[in-house]
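K.L.:
These are the residues of each chain, in order.
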Amino acid sequence: MEKKIKLLVVDDEAIVGKRLKPSLEKHGYEVETLGDGRSAIDRIGQKDFDIIITDVRMDDVDGMQILEYVAAKSPHTKVIIITGYATVELAREALVKGAFDFIAKPFKPSDLRVIIEKAVKELKP
Amino acid sequence: MTNTMQRNKIIVVIFEDLNIREVAVHYAAVLAQRINAKIIFLLLMEYNSDSKDELELLKQKYKDIILKRIREIIDNNIPVQAKVVVGDRRSEFYKFMASHRSFHTAVWGGDENAAMEKTGRSARHWMVHIKDELPCPLVIPKKKYKLR
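Protein sequence lines correspond, in order, to chains A and B.
Residue 0 is where the first sequence starts when you use numbering that gives the first Met the number 0, and the numbers rise one by one after that.
Residue 0 is where the second sequence starts when you use numbering that gives the first Met the number 0, and the numbers rise one by one after that.
Check before you lean on any hint, since a few could be wrong.
As the list claims (entries may be wrong) - With the C-beta cut set under 10 Å, the calculated list includes, among others, these residues of chain B facing chain A:
(1) E45
(2) R89
(3) S90
(4) F92
(5) Y93
(6) K94
(7) E132
(8) L133
(9) L137
Please keep in mind that the hints were generated in silico from the structure rather than gathered at the bench.
Every residue, glycine too, gets a C-beta built ideally from N, C-alpha and C.
Hey, can you work out the whole structure from these sequences and the hints?
P.N.:
What follows is the structure, given as structure tokens:
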């Protein structure tokens, strides 16, 4: 049996995780959702995720800090940045810091799924 | 000689489909000639259910169509490139802009009326939401410019 891809969704807008979780689970992914950056850092410290989807603007610990933490702790993990405050500068910063991809909110679930599928392909040895 | 000269300035012309607006191509060509720039024609396509391999073939096919059409419109030595990206148009555009150091000008080659909608939360077109925050001017050409 093929191992399930482990996904973590981090967004302080609860509705994002609530909507993404069932839609991604339907496609065979194992999905956890968290509503703040600090809990995400703690969880990433305990568990090895394949893909992390994170919002940028969050109180305390933001998405860029999560990206930096993941790059140091678990460089094989693909980080996808989602944001409602997209700018060219932010996209550049995310990509320079090693984000796998960047998507502006609102987005269609199918667009995110395509990015996840691309990330999964890169995870496979 | 023109082709071998180094052209650091880049003009990007944005399309949303294969309906190539000649006014946009002409405008970009005239500007490129004047400021010694190269032009990148960027086609932003929405994702549909094509598989990745088919998608790659489709992207190449669209790229060839664009370049052929461009060369029919501007038959001079201005260096041009075509790029086709697939996905959420706004996100793909941000990533495209972010992957280059800077652009001299962005030229809108899509639906003229869509990009000229009033700005604000109610605006429907993605470009309306971002045109004021682009790192370079966005031009929506309306009249046909003639090449020298």
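K.L.:
Evaluate each hint against the coordinates.
P.N.:
Structure-based check of all given hints:
Taking 10 Å as the C-beta cut-off, the interface hint given for E45 of chain B holds, the closest approach to chain A being about 8 Å. Given the 10 Å rule on beta carbons, the hint for R89 of chain B holds: about 5 Å separates it from the nearest Cβ of chain A. Proximity of S90 of chain B to chain A holds as hinted, the smallest CB-CB distance being about 5 Å (cut-off 10 Å). Hint status for F92 of chain B: holds, given a least beta-carbon distance of 9 Å to chain A, under 10 Å.
Because the smallest distance between the Cβ of Y93 of chain B and any Cβ of chain A comes to about 4 Å, under 10 Å, the interface hint for this residue holds. Taking 10 Å as the C-beta contact cut-off toward chain A, the hint placing K94 of chain B at the interface holds, the least distance being around 5 Å. Given the 10 Å rule on beta carbons, the hint for E132 of chain B holds: about 6 Å separates it from the nearest Cβ of chain A. Interface restraint check: L133 of chain B against chain A, minimum CB-CB distance 7 Å, threshold 10 Å, status holds.
At a threshold of 10 Å, the smallest CB-CB gap from L137 of chain B to chain A is about 12 Å, leaving the interface hint violated.
Comparing the model with each numbered hint stated earlier shows that hint 9 is the single one that does not hold.
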